[in-house]
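Enquirer: Let chain P serve as the given structure and place chain R on it in line with the hints.
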Amino acid sequence: MKHPVWTAVWIALAALAAWLVFAVWPDWLVDLIGAKRIFVTTILNGITLAGLYFLVASGFTLVFGLMRNVNLAHGSLYLFGGYVGLSVQMATGNWLLAVAAGFLTAAAAGALMQVLVFRRMEGDDLRQTLVTIGISIVAADLMLAAWGGNTYQFSIPAVLDGAVTTPLVSSVRSNGDEVMIKYPLYRLVVLAVALAIGVGLWLLLNKTRIGMMIRAGVDDRAMLSATGVNVHVIFAIVFAIGAGLAGLAGVVGGSALSIAPGEDIRYLLASLVVVIVGGMGSITGAAIGALLIGLAEQIGLAYFPTYAVVITFVIMVVVLAVRPQGIMGRAA
Amino acid sequence: MTAIDANPPRGQAVPDWLGQAHPATLLTAVFLLLYPAFASSFFTFQIGANALLMGTIALSLMMLAGYGGMVSFAQLTVAGIAGYCVAIFGTNGSGVMGLGWPWWITVPFSILVAAVCSALIGALAVRTAGIYMIMITLAIATAFFYFVRQNYEIFNGFNGFHGVAPPTLFGIYLRDPLPFYYLCLAVAAFFYFAVLYAARSTFGLSLQAIRDNPRRMQALGFHVAAHRIFAFFLAGLIAGTGGVLLVWFNGQISPGTVSVAGVVDVLVIAVVGGMRKPIGPFLGAVLFVLVKNFAIDLIGADRFNTIIGLTFLAVVLFSPDGLLGLWERFKAANVTASSRSILGRGGTG
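Here the protein sequences line up with chains P and R, keeping their order. Heads up, the first sequence stops at 333 in my numbering, and the numbers go up one at a time, no gaps. Heads up, the second sequence stops at 366 in my numbering, and the numbers go up one at a time, no gaps.
The shape of chain P in the complex, shown without the other chains:
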């Protein structure tokens, strides 16, 4: 144990969190911060929102990690995937097809962007940034033309719909019955999808040959190219995966929340902040960042609605002040 004091602090905090979640709250605590049901739901909302943010931000950070491309059209890919999935669902009535369509079209759009735009301006950060901004302006306007300014919501398949009873007790009735907390099943599914994709990405990057190439490309692009690997193909694949994840998140997130113009900017901001906090190019960092930001946003929304955005921002400032490269980022 390198830091006994800090370890003790973390253990104490974890114990406090566990107690807050599992124990039945005494009256003074309810008086202090409100009903336990609200608290637990807020925490669960935060964690499931974090799952969604992770889906979006992991693609963003993957693309950045390998190619040093800040793709400011990433939010547009999210919205595009969502809208395409919506059209597919309206046509076929199949939600899984919608998810697949969201992933594939966004992946195709991403690969196209990589081939047409980024390949032409390798190493020119500012121009790449500006071009992706231009693309996002045009894309937002064209999507507004195609799908209008309405707010849409997917119909979730019946299997995933409804609420489940969690094994968490919110309060005990006077007759001794325990009241359990109910939570929407779909949001837990989002979390499960995020976890599966997170683990999948980790396995892809750490256990496969292509992951080895990607990691080699992060460290030394020229050397990887010299070993006979077609770097362009690798880049296009990574960009497609990153963009596809955004499109997938568009359908998955659009089912949990909604799809409307302006969501592209919201998710771009979320990925920016998550990646700044978590550290650029790190999948683990994206997970930690998403968890911090998702929890902060939901806790803020439940307990101090006006300042919810400010909390997110304060987290960013604090992290930058202590570690400019982000929590899991490597020093430049």
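Derived by calculation from the structure, the hints in this document are not laboratory data. None of the values given here were measured: they were computed from a predicted structure. Hints may contain errors.
Unchecked claim - Straight-line C-alpha distance at most 20 angstroms; calculated SDA-like pairs for lysine to any residue:
{"#": "1", "chain 1": "P", "residue 1": "Lys208", "chain 2": "P", "residue 2": "Val230"}
{"#": "2", "chain 1": "R", "residue 1": "Lys309", "chain 2": "R", "residue 2": "Ala278"}
{"#": "3", "chain 1": "R", "residue 1": "Lys309", "chain 2": "R", "residue 2": "Gly268"}
{"#": "4", "chain 1": "R", "residue 1": "Lys294", "chain 2": "R", "residue 2": "Asp338"}
{"#": "5", "chain 1": "R", "residue 1": "Lys348", "chain 2": "R", "residue 2": "Phe335"}
{"#": "6", "chain 1": "R", "residue 1": "Lys294", "chain 2": "P", "residue 2": "Arg128"}
{"#": "7", "chain 1": "R", "residue 1": "Lys309", "chain 2": "R", "residue 2": "Asn267"}
{"#": "8", "chain 1": "R", "residue 1": "Lys309", "chain 2": "P", "residue 2": "Leu145"}
{"#": "9", "chain 1": "P", "residue 1": "Lys208", "chain 2": "P", "residue 2": "Ala197"}
{"#": "10", "chain 1": "P", "residue 1": "Lys183", "chain 2": "P", "residue 2": "Ile48"}
{"#": "11", "chain 1": "R", "residue 1": "Lys309", "chain 2": "P", "residue 2": "Leu143"}
{"#": "12", "chain 1": "R", "residue 1": "Lys309", "chain 2": "P", "residue 2": "Ala146"}
{"#": "13", "chain 1": "P", "residue 1": "Lys183", "chain 2": "P", "residue 2": "Leu258"}
{"#": "14", "chain 1": "P", "residue 1": "Lys183", "chain 2": "P", "residue 2": "Ile300"}
{"#": "15", "chain 1": "R", "residue 1": "Lys294", "chain 2": "P", "residue 2": "Leu258"}
{"#": "16", "chain 1": "R", "residue 1": "Lys309", "chain 2": "R", "residue 2": "Leu330"}
{"#": "17", "chain 1": "R", "residue 1": "Lys309", "chain 2": "P", "residue 2": "Asp142"}
{"#": "18", "chain 1": "R", "residue 1": "Lys309", "chain 2": "R", "residue 2": "Ala331"}
Expert: For chain R alone, kept in the frame of chain P given last:
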């Protein structure tokens, strides 16, 4: 001695600074001063004044990006902070806040608040560079937008403030087209020359040196971060003043004013105009305002953003230095073309 005699004073009729000015500068100055005489009040206010004040806000970005190598997305946010301060500390028609301070306290105070906020944003942003800085300032700008939209106690949330009017001075209402145009022109000209002057000052030169090689400047004993933060402060003064003009121009300020679309507009203006010289943002602003006002007649209001976006893409793809770069390439091509024809004639003859 001969060097001095070679350039004898031309006489007192023409002052030195006027004699040194480029003819194009003088022509532009005369044109801008006489512009309202032949322009309708729509052109004076909606085109002229609007372009000048948007150009001023974009000038603050040009100064940071061109001389400091720091691309900040938060310049419209800084302008918005000044605009909100004017509405909050001065008077507004929304019935929220409006502390009623006299304008001659409100305006300088608002600009100062904006500049201090800009320096704070800078203090955060200069810890990183390049795309990281872009991302952080974009995150700050977006967070400010969501914050003012949610906060009803101070910023009056989604509705913002309306009925924010400039003062009446000596019986002249400053929001009338003519006075407002000249006010914008005076501010724009002041900051244009101030930036030109600052770029040649010791501070400006060291800022440019830091842009080119921060590590060497640090080794020479310069405080790199302090220079950059001070640049943010100065840019905040410019953007803040532009923001005061902006809130007077619109007569209101709301989260829509500082939305991400607006933030990107400022970047579009600066990039389309060119970020090498202070004139760039103003060129970009004129083009932007013209397109914004007349594209509606040509293609309908619906797809305006597509036009703006495609124009922006075309400029970024084909002329990284914007209109200025295009003009310089055109000049260079002309020079080489004429010199080539001279050489060609010499060869055949």
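Enquirer: Taking each numbered hint in turn, which are not upheld by the structure, reported in ascending numerical order?
Expert: Number 15 only.
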